[in-house]
Amino acid sequence: MIPQSTIDRIVDAANIVDVVSDYVTLRRAGASYKGLCPFHDDKTPSFSVSPARGVCKCFSCGKGGNSVHFIMEMEQMSYVEALKHLAKKYGIPVEEEEMTDEQRQKMNERESMFAVNEWAAKYFSQTMQNNQDGRAVGLAYFRSRGFRDDIIAKFRLGFCLDSPNAMSDEAKAKGYKEKYLIDTGLCVKRDNGTIYDRFRGRAMFPWIAVNGKVVAFGGRVLDARTKGVSQKYVNSPDSLIYHKANELYGIFQAKKQIAKEDMVYMVEGYTDVLAMHQCGIENVVANSGTALNEAQIHLLHRFTNNITLLYDGDEAGIHAATRSTDMLLAEGMNVKILLLPDGDDPDSFSRKHNAQEFKEYVAAHQTDFILFKSNLLLKDAQRDPIKRAKLTEEIVRSIAVIPDEIIRSTYVHECAEILNMDEAVLMRSANKNRAAIIENMKKEAQRERERQERLLNNAPSSATPSPNSTQTQNIPTGISTSPTDIPDDIPPFDAFPPEDFLPDFPTEDGSPVSTSSPILTKQHQSEQRLIGIERMIMALVTRYGEQLIDGEDANGENIQTPLAEYVQGDLAYDNIAFRSSLYAKMLQLTCAHIHDSGFIASKFLLNNQEEDISREAADLISERYQLSKGNQMEQSEEELKSTYVSRLLLDYKNAIIEEELKQCNADLTRPEVKDDINKTLETMRRIKELSEIQRQLAKLLGDRVVVK
0 MIPQSTIDRI VDAANIVDVV SDYVTLRRAG ASYKGLCPFH DDKTPSFSVS PARGVCKCFS
60 CGKGGNSVHF IMEMEQMSYV EALKHLAKKY GIPVEEEEMT DEQRQKMNER ESMFAVNEWA
120 AKYFSQTMQN NQDGRAVGLA YFRSRGFRDD IIAKFRLGFC LDSPNAMSDE AKAKGYKEKY
180 LIDTGLCVKR DNGTIYDRFR GRAMFPWIAV NGKVVAFGGR VLDARTKGVS QKYVNSPDSL
240 IYHKANELYG IFQAKKQIAK EDMVYMVEGY TDVLAMHQCG IENVVANSGT ALNEAQIHLL
300 HRFTNNITLL YDGDEAGIHA ATRSTDMLLA EGMNVKILLL PDGDDPDSFS RKHNAQEFKE
360 YVAAHQTDFI LFKSNLLLKD AQRDPIKRAK LTEEIVRSIA VIPDEIIRST YVHECAEILN
420 MDEAVLMRSA NKNRAAIIEN MKKEAQRERE RQERLLNNAP SSATPSPNST QTQNIPTGIS
480 TSPTDIPDDI PPFDAFPPED FLPDFPTEDG SPVSTSSPIL TKQHQSEQRL IGIERMIMAL
540 VTRYGEQLID GEDANGENIQ TPLAEYVQGD LAYDNIAFRS SLYAKMLQLT CAHIHDSGFI
600 ASKFLLNNQE EDISREAADL ISERYQLSKG NQMEQSEEEL KSTYVSRLLL DYKNAIIEEE
660 LKQCNADLTR PEVKDDINKT LETMRRIKEL SEIQRQLAKL LGDRVVVK
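The numbers in numbering that gives the first Met the number 0 rise by one with no breaks, and the one at position 31 of the sequence shown is 30.
Hints are computed from structural coordinates only; laboratory data are not their basis. Hints may be right or wrong, so weigh each one.
Derived DMTMM-like pairs (lysine to aspartate or glutamate); straight-line CA-CA distance at most 20 Å [as the list claims (entries may be wrong)]: (1) 255 with 17; (2) 188 with 168; (3) 386 with 416; (4) 62 with 72; (5) 687 with 675; (6) 121 with 148; (7) 88 with 7; (8) 83 with 7; (9) 33 with 261; (10) 661 with 681; (11) 259 with 17; (12) 259 with 74; (13) 243 with 182; (14) 62 with 80; (15) 42 with 438; (16) 62 with 40; (17) 602 with 7; (18) 389 with 413; (19) 83 with 11; (20) 178 with 117; (21) 188 with 161; (22) 178 with 168; (23) 358 with 344; (24) 83 with 17; (25) 176 with 110; (26) 121 with 149; (27) 431 with 413; (28) 584 with 611; (29) 42 with 325; (30) 62 with 609; (31) 678 with 688.
Assemble the whole structure, with the sequences as input and the hints as a guide.
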């Protein structure tokens with residue numbers, strides 16, 4: 000466990016612009032910086048970084064936070080790991096406190112699987128270096144392929160002994176649980192309940208994710224057993240920490256050079272990557288036999304827009320190159336293709352050339368995708384006009400997937416020159432194909448909305464806690480603690496866009512549904528409105544919690560109190576608690592430390608050891624939640640803090656009253672109430688009491704509340 004004082008040092012030292020710039024190209028935009036979001040396929044810069052606040056935020060996908068949260072997302076690290084990563088970057092020593100038994104129990108399943116894989120990678124490497132069979136078989140194989148010791152160490156290559164249980168017995172002796180040996184795919188469970196080592200007798204290639212964690216392994220069978228073997232390589236199965244379709248071999252070793260050179264080479268196999276690194280070319284990754292997909296492209300897009308597909312010059316290499324281009328183009332990548340001379344693959348070719356010669360060959364022979372595809376397809380069509388027309392349409396379909404209109408037009412122009420065709424004809428065809436693509440995207444979006452609606456309609460209704468009478472009975476009295484002068488020109492709650500504050504309502508499968516969606520029930524919308532107002536209140540507490548605001552005490556005396564204490568006192572007076580347990584905890588912690596020397600609410604919450612608090616604080620202080628100039632009515636920020644918080648608290652109480660009134664009216668229709676005269680009278684008395692409270696609120700809110 001890292002002490003809070005050390006956390007404060009790390010967060011204070013971590014310059015958010017410096018941290019984000021390691022992964023995203025940023026451009027200044029006023030007092031902030033903007034760039035393409037690294038967390039989704041961003042076409043226009045929607046990722047904002049605020050150096051003054053120390054936070055970043057994507058206003059499209061919603062991800063962001065402070066420097067620690069950003070590293071957690073980018074590198075798939077835990078909170079503590081991200082802190083250590085930043086501490087190392089800024090040279091801050093980290094001395095951890097002893098973990099309690101309870102904290103140890105909180106180590107989740109993912110961390111346990113990562114720990115097992117890390118141990119296994121070291122075991123395979125040490126076995127190959129120190130075991131007699133490991134050196135004679137495993138190390139001999141890699142050296143026979145010409146790999147130097149530094150490359151073997153760089154990629155953590157190893158060997159698994161040809162014994163059914165050598166690795167697993169050693170792992171269990173070291174205290175690793177059999178469950179995680181099976182879950183990671185290192186072992187396979189037999190029908191009789193025993194296990195055996197999946198990779199026995201194989202050369203080992205660890206898959207290291209972009210965050211530096213070992214997520215999986217590839218194992219190659221060696222010696223005479225390769226004869227007649229249909230599958231020389233065996234890979235770890237998909238697991239909680241590994242999905243082959245989302246990973247690229249060599250990305251960890253290549254990411255810095257990819258960003259530096261703003262270009263990546265894509266090859267097919269493990270040894271292709273190793274050989275190119277040994278040649279001196281490090282910006283290279285492999286998809287290792289899987290068809291390139293969107294997740295892999297998004298991963299590369301974080302570091303560069305430029306990719307060169309580097310494949311063998313045979314039939315299989317040509318097929319691999321052509322099947323990837325359309326998806327890359329659709330994701331906005333700039334695609335080049337290079338087919339190596341017949342008989343060469345990246346492994347063999349790189350052995351014949353040094354890095355400079357290799358790069359010069361690539362520069363001279365790589366082909367733009369349109370020229371590559373045109374020459375390839377027209378070669379197949381030869382003089383057949385029907386086949387030529389079909390192949391031309393295929394090229395145009397590839398152009399149509401490109402999202403940028405200017406780039407599409409440029410490619411249409413080039414295609415017209417290459418094919419000696421009328422540019423206008425090709426443009427019409429490209430536009431027609433583009434329209435069809437957009438229509439398919441709309442249909443897919445509609446199908447997804449319908450799927451979410453079905454899930455929500457079939458899900459059990461949300462349990463909305465009913466406000467009880469003790470929560471609201473004191474509201475009229477409690478209102479008197481608000482500042483006496485609330486200007487009429489402060490805009491009502493409805494004037495502020497609720498979609499900026501209401502969190503997404505989760506469907507049964509965990510996918511978010513916008514709070515403006517018609518598929519939300521009225522019950523959900525009511526609950527979401529309350530949480531939304533709580534969010535707006537906590538945004539003010541997080542930004543200005545320690546600052547003093549003017550008000551009156553119960554005796555009518557003018558006082559000044561910290562904004563956070565004002566909110567807590569106002570709610571406590573009326574026996575009201577936040578519906579959100581997270582916001583209740585944040586408010587409680589803020590008020591508990593509000594009088595600490597040098598206390599600043601935003602810093603205290605942003606640097607909090609509890610990840611859920613620090614993440615929410617980062618979200619609340621990001622620019623999205625600042626009030627717009629139109630809503631500020633040209634008031635100063637200081638005026639807004641004292642008046643707007645009072646308006647929000649009144650709106651919050653009014654929303655609670657409205658919710659209980661609806662519940663009481665609904666109760667009158669229930670048989671157990673309407674058939675019982677005492678329960679009916681009791682409910683009607685409560686409705687009358689709540690209606691009177693609502694009238695008083697209406698006066699304080701400027702008669703905005705419609706009393707029914």
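Evaluation of the provided hints:
Restraint check for residue 255 and residue 17: the C-alpha separation of about 15 Å stays at or below 20 Å, so the hint holds. Among the hinted pairs, residue 188 with residue 168 is consistent with the structure: their alpha-carbon atoms are about 14 Å apart, no more than 20 Å. This hinted pair checks out: residue 386 and residue 416 have alpha carbons roughly 19 Å apart, not beyond 20 Å. Using a Cα cut-off of 20 Å, the hinted pair residue 62 and residue 72 holds, with the two alpha carbons roughly 9 Å apart.
At roughly 18 Å between alpha-carbon atoms, residue 687 and residue 675 fall within 20 Å of each other, so this suggested pair holds. For a cut-off of 20 Å, the pair hint linking residue 121 to residue 148 stands: about 16 Å separates their Cα positions. For the suggested pair residue 88 and residue 7, the alpha carbons sit about 15 Å apart, so the restraint of at most 20 Å is met. Between the alpha carbons of residue 83 and residue 7 the distance comes to roughly 13 Å, so the proposed pair stays at or under 20 Å and holds.
Restraint check for residue 33 and residue 261: the C-alpha separation of about 19 Å stays at or below 20 Å, so the hint holds. Taken as a hint, the residue 661 and residue 681 pair is honoured in the structure, with Cα atoms around 15 Å apart against an allowance of 20 Å. For the hint linking residue 259 to residue 17, the alpha-carbon distance of about 15 Å falls within 20 Å, and the restraint holds. Proximity of residue 259 to residue 74 is assessed by CA-CA distance (about 18 Å); at most 20 Å being required, the pair is judged to hold.
Restraint check: the Cα-Cα separation between residue 243 and residue 182 comes to about 15 Å, which is no more than 20 Å; the hinted pair holds. A distance of roughly 19 Å separates the Cα atoms of residue 62 and residue 80; the hinted pair therefore holds under the 20 Å criterion. Distance restraint check for residue 42 and residue 438: the Cα-Cα separation of roughly 19 Å lies within the 20 Å cut-off, and the hinted pair is therefore satisfied. Taken as a hint, the residue 62 and residue 40 pair is honoured in the structure, with Cα atoms around 13 Å apart against an allowance of 20 Å.
With a C-alpha separation of about 9 Å, the suggested pairing of residue 602 with residue 7 holds against the 20 Å cut-off. Between the alpha carbons of residue 389 and residue 413 the distance comes to roughly 18 Å, so the proposed pair stays at or under 20 Å and holds. For the proposed pair residue 83 and residue 11, the alpha carbon gap of about 14 Å is at most 20 Å, so the pair holds. Between residue 178 and residue 117, the direct Cα distance comes to roughly 16 Å. Compliance with the 20 Å bound is thereby established for this hinted pair.
Proximity of residue 188 to residue 161 is assessed by CA-CA distance (about 17 Å); at most 20 Å being required, the pair is judged to hold. Straight-line distance between C-alpha atoms of residue 178 and residue 168 comes to about 13 Å, which keeps the hinted pair within the 20 Å bound. Only pairs whose Cα atoms come within 20 Å are accepted, and residue 358 paired with residue 344 is accepted, the gap being roughly 15 Å. The hinted pair formed by residue 83 and residue 17 meets the criterion: a straight-line CA distance of about 16 Å does not exceed 20 Å.
The suggested pairing of residue 176 with residue 110 holds, with an alpha-carbon distance near 13 Å, which does not exceed 20 Å. The hinted pair formed by residue 121 and residue 149 meets the criterion: a straight-line CA distance of about 16 Å does not exceed 20 Å. This hinted pair checks out: residue 431 and residue 413 have alpha carbons roughly 18 Å apart, not beyond 20 Å. With a C-alpha separation of about 10 Å, the suggested pairing of residue 584 with residue 611 holds against the 20 Å cut-off.
Using a Cα cut-off of 20 Å, the hinted pair residue 42 and residue 325 holds, with the two alpha carbons roughly 17 Å apart. As the CA atoms of residue 62 and residue 609 are separated by approximately 18 Å, the hinted pair is consistent with the 20 Å bound. Between residue 678 and residue 688 the alpha-carbon distance is near 15 Å, which keeps this suggested pair within the 20 Å criterion.
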